[in-house]
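Residue 78 in the UniProt record's numbering sits at position 78 of the sequence shown, with consecutive numbering throughout.
What you were told as hints is all true, and nothing was included just to trick you.
Simulated restraints on C-beta separations:
#, residue 1, residue 2, range
1, Ala4, Glu56, 18 to 26 Å
2, Leu36, Gly12, 17 to 25 Å
3, Ala4, Ser105, 20 to 28 Å
4, Arg101, Tyr47, 32 to 40 Å
In the DSSO-like style, the derived pairs of lysine-lysine whose C-alpha atoms are separated by at most 30 Å in a straight line are:
#, residue 1, residue 2
5, Lys30, Lys54
6, Lys106, Lys54
7, Lys34, Lys54
Hints in this document: simulated from the structure, not taken from any laboratory. Quick caveat: nothing in here was measured; it's all calculated off a predicted structure. Note that beta-carbon positions come from the ideal geometry of N, C-alpha and C, so glycine has one too.
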Amino acid sequence: MHRARVFFAAHGIVHIHRVVTDNGSCYRAKDFAKVLHGGRHQRITPYTPRHNGKVERYNRILAEEFLYARVWASERQRAQALQVWNVHYNYHRPHTAVGNRPPASKLRTGVTNVMASYN
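When you get a sec, could you build the whole thing from the sequences and use the hints?
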């Protein structure tokens with residue numbers, strides 16, 4: 001959550017009002033509730049992936065177009081390629097949900113991909 005707060009603050013979002021998660025044990029921990037700082041924690045209904053549709057769709061596209069689209073020589077190679085693929089996904093790949101434009105076309109600021117924070 002700390003990295004998410006720093007990222008959002010850098011783009012003018014100073015309060016996270018709601019966090020939507022699955023029911024993983026890490027999201028049920030008391031420590032997670034503490035870092036929300038009063039933000040609402042909304043859990044999706046167990047075994048109901050449609051409640052988290054955007055994430056589930058991203059995971060499906062990730063698997064089909066990236067993870068299983070080729071054989072990777074190493075985890076390092078795959079991790080490096082993932083950064084490039086995420087830029088493609090967000091800035092160049094057309095999405096029907098936004099009129100066959102990339103998602104970044106909806107942004108008002110020059111936000112770069114969050115994935116770089118997780119390496």
